[in-house]
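Protein chains in written order, with this note's numbering: chain A, 1 to 512; chain B, 1 to 353; chain C, 1 to 338.
Quick caveat, the hints were computed from the structure, so don't treat them as lab data.
Fair warning: this is a prediction, and the values are worked out from it, not measured in the lab.
Heads up, none of these hints are tricks.
Partial list, derived from the structure: chain C residues whose beta carbon lies under 10 angstroms from chain B:
1. L120
2. N241
3. M245
4. S288
5. T296
6. I301
Each residue gets a CB set at the ideal place from its N, CA and C atoms; glycine is no exception.
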Amino acid sequence: MERNEVSQNPTPLLSVKDIYKSFGLNAVLKGISLDVMPGEVLALIGGNGAGKSTLMKIIMGLYTYDGGELSIQGEPVVLNRTSDALERGIYMVPQEPLLFPNMTVEENILIGFRQSKAELHRELLATMKEAGWDLDLSRKASSLSIAEQQLVEILRGLLRHAQLLILDEPTSALTFDEVKSLFRCVSDLRSKGIGIIYITHRLAEVFEIATHVAIMRDGVITIQGPISGFVREDLVKGLLPPDSDTEAAQKERSTEVRPVDYTAAPVLELKDFSGYGFSGINMKVYPGEILGVAGVVGAGRTEMATTIFGMDKVLGGQVLLNGQDITGKKTRQVIQAGLNYVPEDRHLNGLFKICDVAANTTSANLFSAHMGRFLLDHRYEWKVTQGYIEKFRTKVTGQDQLAGSLSGGNQQKIVIGRSLSTSPGIVILDEPTRGIDAAARGDVYHIIHQLREQGVSVLLISSDMEEMVELADRVVVMYQGRLNAEFRQDSINQDNLTAAAFGILEKEGVGA
Amino acid sequence: MSQNPAKPKNEVSLRRWTKGPNFRWNLFLVALLAAECIVFGIANPKFLSLTRIFTSANSDLPIWYISIFVTFVMITGGIDIQSCAIVGLTSIIIGVAWQDFGLNIWIAALLAILVAAACGALSGFFVAYCGVQAMVVTLGGSFLYSGLGLLVSTLSSTEAYKGISGFPDSFKALTKIKLFGVVPLQILIFLVMLGIAYLLLHRTKYGRKVFLVGVNPSAAEYSGVNSRRVVMSTYILSALAASITGVVMTSQLGTAKADLGGNFTMTIITACVLGGTLSTGGKGSAIGTALAAVSITLLRFGMPLCFNVNKQYLDIPIGMLLVVVVVGRAIASNPMVVAKVAKRFPAAKKAAG
Amino acid sequence: MSVEKKILKARETTSFLFLVALFLIVGIINPSFLTPSNISACFNTSVVYTLIAVGMAFAIFVGEIDVSVGSNMGLVAAVVGTMIQNGSNWLVAFLVGILIGVIVGLVNGWGVAVMKVPSLIFTLGTNGILRGLMYLQVGVEQVNQLPKAFKDIASMTLIGSFTIYYCCAVVLTIIIHYLLTNTRRGRYFIAVGDNVGGAELVGIPATRTKVLAYVICGVLSAVAGIIFCSRIGIVTSLSGNGYEMKAVAACVLGGISLSGGVGSVIGAGIGAVIMASISYLLVFMGFSSNYDNAITGVILITIVVVDALMQRRAAVRNRHARLAARTLAAVSEKEGEQ
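Build out the structure end to end from the sequences listed, making use of the hints.
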């Protein structure tokens with residue numbers, strides 16, 4: 001990456017030079033260089049797994065880096081723990097504010113300071129007055145809205161005389177008015193000469209608030225510079241992989257397969273389906289179809305899937321599975337009706353780490369008579385497990401290996417196997433290739449193609465646009481809890497999907 | 001692992017036995033038992049008498065019976081410290097129902113068992129469905145059920161401290177029968193309970209659910225397992241075990257008392273933890289707990305007999321055992337320690353691996 | 001925001017009102033109860049519980065538990081009692097007692113905070129060891145030949161009919177409360193229990209804070225042991241048995257949440273008074289003391305269940321409000337664009 005023009009200006013607040021970081025064999029940052037000047041709002045954009053959060057954790061002193069250099073206000077520094085970064089005037093407002101829920105606002109802000117309480121109180125009031133914010137200091141933090149919690153976090157940073165604030169997707173849970181007030185606050189801070197790194201998924205915000213922009217993709221920065229030099233299309237291009245040729249080839253391959261019969265009765269149909277985090281969803285999934293649901297993290301896709309799966313309350317609408325109404329049914333009934341779900345977070349919701357491979361594979365099958373009426377049928381369990389190990393080419397030392405000791409890709413195969421063991425007519429795969437290596441990714445794609453061949457429908461939720469292009473027969477895009485676009489065949493390309501996922505493009509005729 | 005599906009049965013059963021639940025730890029416990037027998041046997045040959053050991057076991061029955069079912073609770077990630085109170089409650093209900101309400105002794109026992117199951121269900125409900133920490137609920141339960149025991153005892157015409165006695169011979173015979181003239185019926189009951197616990201935990205679908213819920217309750221929900229019901233059921237099981245203990249001990253002593261359970265809580269938890277149950281849930285075995293319970297009894301029996309240790313001091317070795325086991329496990333599972341050991345003894349690692 | 005929040009806000013106030021209501025109800029049923037000496041007796045008998053509960057509160061604040069306090073107290077009572085009985089200097093005996101408390105606290109803190117063993121299991125183990133050591137100290141005999149002067153301190157009164165011990169305990173509790181709420185480090189205890197991740201992010205040393213909480217708990221149990229020895233005058237090998245459970249119950253009654261991060265030591269003190277007076281009050285209400293445990297159990301379970309349900313409802317509501325905000329954002333943004 002070419003060094004930009006800021007080097008001749010006064011010393012940057014933060015200068016990141018050629019930072020490398022890998023976890024094991026997985027290189028996450030491949031030579032990142034960034035500068036943040038006083039009074040600059042640097043918008044940092046990137047998809048999931050681009051390395052943004054790793055970079056921020058390095059800046060906060062939570063991670064060490066393998067190579068490169070960090071300097072703060074011109075001085076090279078080594079940050080070993082959070083307090084080092086705090087002392088040097090860096091403060092991060094995490095995406096999920098880490099407040100103390102049972103303390104008051106004031107206690108939350110003032111904790112960890114050395115000065116006297118009265119002095120701090122005065123300073124806090126002065127800071128708030130200066131910023132023009134009004135916040136009841138005696139309220140419990142648990143009663144604050146997310147926007148207010150973020151204000152508290154920002155105040156914490158200001159009171160520490162932070163020179164550089166990192167805001168990690170601050171608007172992801174805010175209402176429109178709250179976003180407005182946050183933007184006002186960011187402008188105020190900027191005018192005071194505070195540098196801000198603003199991480200976001202929403203391209204529209206970038207032009208509204210940022211002075212500079214940097215786009216990260218796969219551990220490198222693809223675009224960097226003052227915002228005035230770019231238009232939206234440039235940013236979208238920066239988010240896409242450079243080799244768009246392979247894309248066409250991939251698309252070709254997936255169109256070779258048997259076409260989907262769109263006149264058949266849909267396997268899964270959502271009618272005006274609403275719940276917490278999404279609303280008014282209409283969609284149909286046809287037999288043997290791979291329907292992609294694209295969008296950014298927090299668009300409400302996972303919430304939609306888990307609500308179908310009986311994990312959360314339905315607020316309105318209907319879910320029909322093969323014409324049968326399964327709205328608001330319990331998970332077990334949904335599974336028995338022929339739908340299964342591969343969770344997004346396999347560590348939290350998918351895997352039984354200290355159980356063996358066999359127990360993991362058959363865990364969703366425990367209420368079927370195949371596994372025995374009362375006593376466990378170990379032979380059946382062995383057969384099923386062995387079947388999936390061979391079919392998916394899962395690398396295990398044996399069925400008794402603990403699932404936690406497998407690699408990410410093999411763990412994912414186990415979780416997929418678990419969901420398929422109930423022989424569902426439709427599977428919802430939520431980010432099936434997140435955090436797994438390329439080889440395993442290929443295997444998972446192979447599994448998905450196999451399913452399609454067998455006539456099993458797949459609802460594929462993924463933030464990886466390449467994956468969508470390669471796999472999906474049809475893609476709907478979710479943006480802030482609603483479907484805002486649908487693409488078929490040729491129009492499924494990364495430009496369209498990315499634009500729609502970031503809320504730039506809307507396409508009529510949503511809902512098929 | 002062989003890829004040949006032609007002989008799954010042998011392979012499955014072999015795997016279940018050798019690499020199955022807790023196998024290596026169980027071997028260690030067997031070794032511990034053997035070591036106890038050898039050391040105590042050498043120190044005092046009187047130790048090596050089955051009759052004596054069985055007699056000493058009688059006073060440790062709560063540990064044996066209850067701990068194998070408290071293991072279920074701990075596998076789900078909970079804890080149960082109310083069992084001792086339930087033992088007393090069962091006992092006094094039997095006494096009062098028989099003496100003061102004139103029920104048949106066996107019906108009285110059945111009634112007591114049902115009440116105990118209800119107590120377990122109540123605590124289990126609060127833990128599973130209301131999300132209260134198991135520790136606090138069962139602490140409250142231990143107050144409540146021992147208090148109920150006292151209240152039930154006031155219904156009786158007999159003074160509480162005396163206890164209710166004079167039960168029919170048929171009831172007392174429950175604990176007087178000796179199979180082959182050596183093995184008391186209590187031991188047989190223990191073996192039956194152990195068999196049930198083993199089958200339930202390691203051979204049935206229910207047991208599999210108990211493990212899954214303990215390892216990852218959320219993932220269990222995503223597999224369609226009703227985590228809450230499973231959690232609640234484990235408390236009912238442990239209360240049932242406590243009530244059977246109450247029946248057997250009442251028969252054995254010939255007296256029904258509200259404070260029959262004594263305070264074995266620590267010993268029961270120690271037996272579970274020593275038996276390989278992970279205190280954070282997800283791991284444990286009925287056999288392991290049983291072996292641990294037996295070895296604790298041998299310790300409690302052997303130390304006073306062979307080394308003249310006062311019985312009251314026995315809390316020290318048992319407490320030490322608990323602390324050493326949990327700290328040892330914490331050290332062994334600490335990744336830094338593992339890495340250091342691997343670095344310092346690469347040869348040993350290779351040999352072992 | 002809602003009734004729930006107000007209740008949460010005034011947790012120890014609620015406990016205090018509960019205590020007052022308890023006294024009044026007993027007074028209505030049996031007017032002879034409402035004399036200064038009866039009421040002060042309720043407070044005076046609670047002194048040992050108060051100290052242990054305040055110590056336990058520290059362990060609970062940081063999100064852990066310490067069930068070794070009863071045996072710790074018993075051991076200290078036995079050691080100090082034996083030393084004074086044998087004519088040692090009182091001050092030396094007290095210091096030895098407190099040193100034992102510090103060591104026990106350090107060991108517990110090491111096991112729980114450094115080795116990361118679940119606190120209930122670890123302290124259950126140390127509980128057994130301490131109980132055994134206490135048998136070693138006392139044996140089958142009793143410590144009962146304490147000098148009269150030592151025992152007499154217990155009956156000295158300071159304000160009205162409140163004993164000097166109770167007054168000291170109250171003053172100590174208030175000082176601790178002040179330190180906890182008004183000093184930088186004092187706040188760390190609550191912060192660690194409230195949100196460990198957040199605490200570490202603002203630079204609070206979580207491990208050290210937990211160890212310190214256990215040490216304070218150990219020291220307060222030791223002080224309780226010394227007072228126990230002087231008040232009761234007899235230490236048997238069973239002294240202090242079961243006190244840990246009563247202390248936990250006192251904390252819960254005083255509005256301290258067992259998930260950590262909520263409550264105050266004042267609450268623990270009030271809870272201790274409730275715990276200690278229940279059997280006393282039952283006598284005045286015409287019930288036998290047989291009801292003692294059952295009523296304690298009912299109160300304890302009711303409080304924790306209600307507390308847990310309210311907390312869970314609040315958590316679910318927060319989550320839903322957050323998710324709803326995301327979809328609302330979409331709606332209002334579209335409106336904004338138009």
